[in-house]
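Undergrad: Residue numbers (my numbering), protein chains in the order written: chain A, 1 to 291; chain B, 1 to 404; chain C, 1 to 316.
Hints listed in this document are in silico derivations from the structure and should not be mistaken for laboratory results.
Backbone N, C-alpha and C fix where the C-beta goes; we use that ideal spot for every residue, glycine too.
Keep in mind that a hint or two might mislead.
Stated by the list, open to error - Below, simulated DSS-like cross-link-like pairs (lysine-lysine); rule was C-alpha separation at most 27 Å, straight line:
| # | chain 1 | residue 1 | chain 2 | residue 2 |
| --- | --- | --- | --- | --- |
| 1 | B | Lys340 | B | Lys147 |
| 2 | B | Lys387 | B | Lys176 |
| 3 | B | Lys147 | C | Lys178 |
| 4 | C | Lys78 | A | Lys91 |
Stated by the list, open to error - Sample of chain B residues with no beta-carbon within 10 Å of chain A, all distances over it, derived:
| # | residue |
| --- | --- |
| 5 | Ile210 |
| 6 | Asp222 |
| 7 | Lys387 |
What the hints assert, rightly or not - Derived, one-sided and incomplete: chain C residues facing chain A with beta-carbon distance under 8 Å:
| # | residue |
| --- | --- |
| 8 | Val109 |
| 9 | Ala131 |
| 10 | Thr194 |
| 11 | Leu242 |
| 12 | Val286 |
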Amino acid sequence: MFLVDVILSGLILGGIYALIAMGLSLQYGVARIMNLAYGEFTIAASFLAYVMFTVAGVSPILALAVAMPLSFALNWAVYRVLMTPLVRRAKSPGALEVDSILATFGLLFVVQGILLMIFGGSYVSYSYLAVPVQIIGSTVALNRLLAAGLAVAIALALTLFLMRTRIGTAIRAVSVNPAAAPLVGIDTTAYAAFAFGLGGALVAASGVLVSMFFTFNAAMGVVFTMKALIVVIMGGVGNIFGALVAGLILGLAEALTAAFLDGGLTLAVNFALFLGILLIRPTGLFGKAAR
Amino acid sequence: MRITHPSRRAVVGGIAAAALAAPQVRAQPGPVKIGFSISKTGPNAGGANVTTLPNYQLWLKETNDAGGLRLPGGQRRAIEFVEYDDRSQSEEAVRNIERLVNQDKVDLLLPPWGTAMNLAVAPSFNRGGFPHLASTFFVERQPELVKRWNNMFLFLDRPSTAITALTDLLATLKDKGLGNTVALASVQDQFGLELVSAARAGIARAGFQIVMDRQYPPGTQDLAPIISEAARLKPDMFLAFSYPPDTLALTEQARIAGLNPKVFYTAVGTAFPLYKQRFGANAEGVMGIGGVDVTNPRIKDYIERHNRIVGREPDRWASTTTYSTLQVLTQAIERVGIDKAALVRDIGANSFDTILGPIKFVDNQRVDQWWVGQWQQGEFVALAPTKVGGTKAPIFPKPAWPTA
Amino acid sequence: MNAKDWIVPLAILAAAAVLAPLPLVAGSYWMALLVNVLMYAVLATAWALFSGPTHYVSLATAAFFGLGAYTMAFLGEKLPLALVYPVAALIGAVIATIVGLSTLRLSGVYFVIFTFGLAELVRQLVTWAEAKYGGTVGRFVFIDVTQQGIYWMLLGVLVLVLLTGFLIQRSRLGWALKAIGEDETVARHAGIDTTVAKVAVFVISATFMTVVGAIMAPRWTYIDPSIAFNPIISFQVLIMALLGGAARLYGPILGVVPLATLFEILQANFPNSFSILLGLAFLVIVYFVPSGIVGLIDQGRDVLGRAGRRRAHPAE
């Protein structure tokens, strides 16, 4: 049953990676904002869940109901207030990329600074649903399983939403060709803001869920941003399903490496895999041709 | 940035002290400027904020509340801190120290957090002749370093010493039914690797057998693969040379996977109050690096003061050690004043009375200290080495994890 | 070259001649500040050699910087110091050639994150190899190089990188790079060997970065992979170069000097709210200095130029 253990733990880890990355996939894929402050929002949501749980005894699952709408609104506002001027003045996608990197780099420090002021730099951790569950003879932690399961559910629901609904179609149109979308009557900025906000809601979901088992502090946002960037790019920009697959591949690779090769090489294998896939497919697993 | 906390009590206390010392009343000199650079942000912030910064603040407040640092003549001078954030980058730490020494003209320096940061600033401390009382500094090559920098005093002994204490303790448990299989896990950085390589040798000496020896990159929090392998092997001992986030993750995974060895040891973070808060009754019997003599009233008093002034409990390894460095400094200043060279001489030659008991240096290295602790009824007590005194008998075997 | 062409190189040398004697008068703190400025000046200028004209945004700076630092840590006590720097340069050049050739098909954000992933891969591999074969991670660098020594070396390298950049701009290579930046496909059709042009400049840029790493390592006494391959270095270089303006040779320096000064002022005065203030400062810069410092200068020059013309030709 060893192999089952390994594969299962790999898939769960992969699901968590995908969960962390899906919001960014939406924010970058549709709204074209390379959000370097992404991980700070993840950590902010983790802190929110932590405070709600330790102070008021609110379960993190219920905290989702608070964190997700809040983060949606916040991210929507960030796009409207901070990003729209940049989008307006950008003469090319490249110029927007540079501007958004600079602006969100600033935002990263602001959010991190606020978190540091409120929570200090100490590690924080709490325990919720840390109970064993048996699956095909293998024991896993319920909280991790839940997070991974929700990642899959969110990915599928979002993919359906983007494929089957009118709003989804409009979002995809903005994502594929922001210049042409207005020609067919789509308010690009409104949809981009909506997508950015939706990405924000997903960030909050991931932050709340990982707080159930991760030890974190105010300085750890960057870790999430970097993980998310790798997953998003590997999956193909703007492709939620791609992010899920990329996350699962990385998680599996990490578990297999730890079990059969050398635990010290897990991250090296992950990065090598990422680079290798880009060398074979320069726009990621499911990416469209280069822009 | 200058921060002083001259509370009213301090002022009153200062006046009272001055009145008592009336014969020598002279114009009150300005405060003693003490500078430090520390990681308030970046990856090191987690460690610095738990073990170092709170103790600096505690010391500042208590000393100034008491009227200031006592000097040889009985006169007191308040402390003024000049503090900077190195953002967890060596280059910033070096520059901060240059600024402290050359621009702010501080009288004394306190060390940064962590081995790498202490090494980065060591040449600057040395050039300025500042006593360098390093508490979060832990590397095998220490003897060579204190030869290079004779102003450096190391409050932690070497990794191999820590391991000897651990394996000696484990060897004594053999008669009590401890089997001989060991599973090892270690974080892949200087700290984890030096400990694990010492551990391999120590385990061989003690006649145990290593059945698993796994490493993971720093920052890894998903340790299910390592724990499930260990759970399958059912070792008698599980020893992990880990950092706080992974220490918590390993413990949680072990509990989930039902990994129940007779000895369960994790390194940094085990002695954190966070550990107890997170695991509660599950912490019972877990061993880790550090430990204190909880029956010592001075430790109890220290914990109480830390709790009251900083607003949270200190950890039971690096916090207590860091606080002891400040006690050493205070006592040396009382003897020789704010004279850097005299302080270095005094610290090297004398014995100091601290919350950790008497501290004395042999070749700038503090020798006797607790290396293995264990959670026993909500307290992280010292177990070994027993020759230091103040240790308790281990709870053995570690009780199985209670159900959540 | 006619007389006018000598202006830039002479200006570079003149500026260096002014800066060279500073260690004789400046105190230790000011030297520390200058070393920091020079380090980022070289890195950002080297970064912009490649990324400026081609618009390929690279986050691999830390990879090469770290390789240089590790070269010094490995060889510093084994080889004569003067030899270590060329060896570091060689290692940087070789690795950069491999990287350059392998990234040819990538563009846009894929290139950005690829280079980031690359730096992380190098860091992980170094960590693993050190653990496996060295027994510990982290190396002591006990090499006696004074702060002044580091300053002069960095200043020398800065002169070199500026002169190199000047020569590239004037050469066919510079022209080819600009064509690539405008439209790579068109450039290829126009008969430009884009592969050679891109890889050549990428290698030159990376070589300078590697040498900076080798110069800086002794200053920190101790390096480990998280210090040597710190991704913050990559991001900071990118931000400084972009803020200054990567399109001009002197642009990145115009970003480095004010930003390094800003960092220093904030760090020295607001140790507890550094992050927030830095972040706000960045946002202000992005919104109010949209095309970098170089853009500001150009605007200013336009305004002055127009005013000047108006004065000269009042009828206009």
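Undergrad: Decide, hint by hint, whether the structure agrees.
TA: Right, here's what the structure says about each hint:
The suggested pairing of Lys340 of chain B with Lys147 of chain B holds, with an alpha-carbon distance near 18 Å, which does not exceed 27 Å. A distance of roughly 21 Å separates the Cα atoms of Lys387 of chain B and Lys176 of chain B; the hinted pair therefore holds under the 27 Å criterion. Between Lys147 of chain B and Lys178 of chain C, the direct Cα distance comes to roughly 56 Å. Violation of the 27 Å bound is thereby established for this hinted pair. In summary, the hint linking Lys78 of chain C to Lys91 of chain A is not supported, as the alpha carbons are separated by about 53 Å, beyond the 27 Å threshold.
The beta carbon of Ile210 of chain B is kept farther than 10 Å from every beta carbon of chain A, the shortest such distance being approximately 15 Å. The beta carbon of Asp222 of chain B is not kept farther than 10 Å from every beta carbon of chain A, the shortest such distance being approximately 5 Å. Every beta carbon of chain A lies more than 10 Å from that of Lys387 of chain B, the smallest distance being close to 33 Å; the non-interface claim holds. Interface restraint check: Val109 of chain C against chain A, minimum CB-CB distance 7 Å, threshold 8 Å, status holds.
A least Cβ separation of about 6 Å between Ala131 of chain C and chain A falls short of the 8 Å threshold, and the interface hint therefore holds. Violation of the interface hint for Thr194 of chain C is found here, the shortest Cβ-Cβ separation to chain A being roughly 14 Å, above the 8 Å cut-off. A distance limit of 8 Å between C-beta atoms decides the matter here; for Leu242 of chain C the minimum to chain A is near 6 Å, and the interface restraint holds. Here the hint on Val286 of chain C is kept, as its CB sits about 5 Å from the closest CB of chain A, short of 8 Å.
Figure legend: structure checked against the earlier numbered hints; hints not met, in rising order: 3, 4, 6, 10.
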